[in-house]
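Given chain A's structure and the hints, the job is docking chain B onto it.
What follows is the residue order along each chain.
Protein chains: 2
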Amino acid sequence: MSVGVRTLKGVTDSPHMTPEEFRAHGHTVVDWIADYWAGVEKYPVLSQVSPGEIAARLPAHPPEQGERSADFSKNMLADLDEIVLPGITHWQHPQFYAYFPAPTTGPSVLGDMLSAGLGVQGMLWATSPACTEVETRVMDWMAELLGLPAAYRSTSAGGGVIQDSASSAALVAVVAALHRASGGQVRERGANGRFTVYTSTETHSSVEKAVNMAGVGSAQLRVIEVDDKLRMRTDKLAEAIAADKAAGLTPALVVATIGTTSTTAVDPVRVIGELCQANNIWLHIDAAYAGAAALCPELRDSHDGVELADSYCTDGHKWLLTNFDCDIFFTSDRAALIGALSVLPEYLRNTATESDAVIDYRDWHAPLGRRFRSLKLWSVIRWYGAEGMRAHVRSGVALAEYFAGLVEADDRFEIVTDHQFSLVCFRLRGEDAANEELLSTLNAAGELYLTHTRVRGAYTLRFAIGAPQTTRAHVTAAWATIQAAV
Amino acid sequence: MSVGVRTLKGVTDSPHMTPEEFRAHGHTVVDWIADYWAGVEKYPVLSQVSPGEIAARLPAHPPEQGERSADFSKNMLADLDEIVLPGITHWQHPQFYAYFPAPTTGPSVLGDMLSAGLGVQGMLWATSPACTEVETRVMDWMAELLGLPAAYRSTSAGGGVIQDSASSAALVAVVAALHRASGGQVRERGANGRFTVYTSTETHSSVEKAVNMAGVGSAQLRVIEVDDKLRMRTDKLAEAIAADKAAGLTPALVVATIGTTSTTAVDPVRVIGELCQANNIWLHIDAAYAGAAALCPELRDSHDGVELADSYCTDGHKWLLTNFDCDIFFTSDRAALIGALSVLPEYLRNTATESDAVIDYRDWHAPLGRRFRSLKLWSVIRWYGAEGMRAHVRSGVALAEYFAGLVEADDRFEIVTDHQFSLVCFRLRGEDAANEELLSTLNAAGELYLTHTRVRGAYTLRFAIGAPQTTRAHVTAAWATIQAAV
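Chains as they are written, first to last, in our numbering: chain A, 1 to 486; chain B, 1 to 486.
Don't read these hints as lab results, they were simulated from the structure. Heads up, a few of these hints could be off.
Put simply, identical chains are the same to the list, so a pair is met inside one copy or across any two.
What the hints assert, rightly or not - Straight line, CA to CA, 25 Å or less: simulated SDA-like cross-link-like pairs of lysine to any residue:
1) 245 <-> 154
2) 74 <-> 31
3) 229 <-> 430
4) 42 <-> 297
5) 74 <-> 153
6) 42 <-> 15
7) 42 <-> 18
8) 74 <-> 53
9) 229 <-> 35
10) 74 <-> 20
11) 74 <-> 386
12) 74 <-> 19
13) 42 <-> 235
14) 74 <-> 21
The shape of chain A in the complex, shown without the other chains (with noise of 0.2 Å):
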């Protein structure tokens, strides 16, 4: 047998990084972590740029030859530190209470070290088991340790997966409630403008995106008030549902709220889920931020009638010590998720599949590529424990309650809502303009980081309480900042 004339021609010598190599930088690469984790606090929590000063700093071109030398990583770092890190927003940082802090931990790190190591893809069970099976274990411990229903464990018709974020586990709800609401027709006539979603007005953003995303379209959302505890009113939902059933329309979707964006508000979940079953309709649980919550049975009131959802989502990049990506996603209905979204071309086909004795998650939502995210929420769950994760929980609760108590002993500021986990919405008795032009100061001047929110229409601030490393000294330091410059 003779190859003829073929030849490696144009084939110059391995341009990779060995494994070696990866070993000398991996270790700068952990060090200069370890040494920003440390550091944190000597930098502004926001950053204090103006657009386009980083990209400025840049080169306009990509370069030609490598950095292939054993300065790679210290000349990476060091443009890092001098181009990169004044134009960082630090989310780690303990004076960071903007939006939800979305934590990263070590053990999470870790995790998500290994997973890009083995850089497997998860896409089938076939194309790496243990990616599913892990996955698959992980998430009903989850749903174990959050006490949901047994219906979203993997030995029911349900299960859990991992999506990217809560608005793409909103999207993929959606989707399923529209196939189910179908009887299986939408995937094939598409969603033709008879199909009918429910939020309240304080339902997070990402809803109307999927619903915009997957073709329902914004006129058939149906947006219901909220009472004076700014949770969804059942009266009005009820009557909203009744309406478009009147009007030949289909109710296809309910998106309940525990623990809203805005103000942390409660829906009420049960007398929700009830109107769904009574309906017919799907009843999906926004909790991206709050299910945390449910580790502590203290806590836990806040999830009942969860076991009324067909589905329920929590962000373990919130308040679960998990690094983004990692949305806790269940459902008790796999089949509709599945019935919505599998295609199967040839070149996916595989034995196991066809065994139906495995989950290929790739069936569970929009990409198809997957990669083995479960690693970091184990590590997360091996190094904390059930006990060490409800102490975090308990620590941002107890902070909260320890900033509301200062907050009410000054007479200029007011509490705005209420405040049962751990975020504090808090304003200045008055104007809105003195509201803004307070947290303008107060983000100006990097010692803390605080974002708004209006509720009832006033403009309010919001104090949300997750990063790891704040701790009480950190929040009494935050609210003198704060008293000083009103």
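Just chain B now, with coordinates in the frame of chain A:
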């Protein structure tokens, strides 16, 4: 001022991993990854476990107590070795020729680690300006490296963004196309059954999935025949468009492929693009695998006509040396994307967004949250440089040519299609059954891993080269194994 009786009841000592603990565990994990890469050839490429085998070796319940000790990483890694690795199909093994290889490389993992360590959210420019600006700059670099049109640069009406996968990119393309075709009506009124989408019989299944998810419905998907080279037939495409228009439907989107998943066929993009322009149809190009070929001038004719496309994507995590997830997506019409996807609630409002001087990438895809993914692409580009990235692509093409020569020299086999990139489709002459048996025998033995497709109905083996560690010696050995298994 007094805070009264409020105390931090229920708060135990901090259960978090300290930076110094992370430093030690991080080094251990880096060493494990380096050792894994150096020794990956000792494992069977394809995992040989049965369904349920891995899950059964994990504890049934989550731990109550955490494992917060100096042995944490040692214990995690022991379980990884003993429990997880038997269930891993080793995508980084040099004898992995299945699907398209999805490499993880040293510089990419370093960038990924930094992304995890910084733990910033790039949903808005304001939430970490560098996360947005580095991505914008690096995507401009990628457009330059791939010779893509100026309309894809951030300085035009278009721009680039990292999506998680080509599947999600397809979904975004469908949604943007519907938005433009409907004059912005779809997001309000829904997809409503009057829009049509065009692919070929060889287009990736993700497009059908996206069409279903976006509420278009697969009945509105026109699957166009291919020619003898498995390229979309433009005469049939023109006929289908004309027929739909005559029927009062609105052709919204054509998806053309550069490098199909099955055989790496290249659709006639220029003719398709001209048809799209004449009919005001969005053209999306899926170059998930073969986009990398455009790095090399001598392979760039595969991209002829790409300037006629409204959107384009290629996967950093396929032939571009970057670990998942990193789909490189460009559009020449970012207004359509943003128009379709943007929803701005009060809690996301900020001065920078309102100034219109910044990019908020949350409006470019389904998820709101997003990690700092451009760090890994930046790191890859710096390590390899343009010349190093080209060398990797050329190595794949040359090895495929070498492998094809080996196949051609053995009369029992035939090459089934052209092999202009790094995939060779081949089969034993004769019956499908013999080919199915050959594949099954090879994969069970564990020395290499191949997958299959069907070409014009015939069961065909795919030999996809792309793992960074694959050398000519590996290909020689693989061919000897294949010959011996017949």
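Unmet hints by their number, sorted upward, for this structure: The structure conflicts with hints 1, 4, 5, 9 and 13, although it agrees with all the remaining ones.
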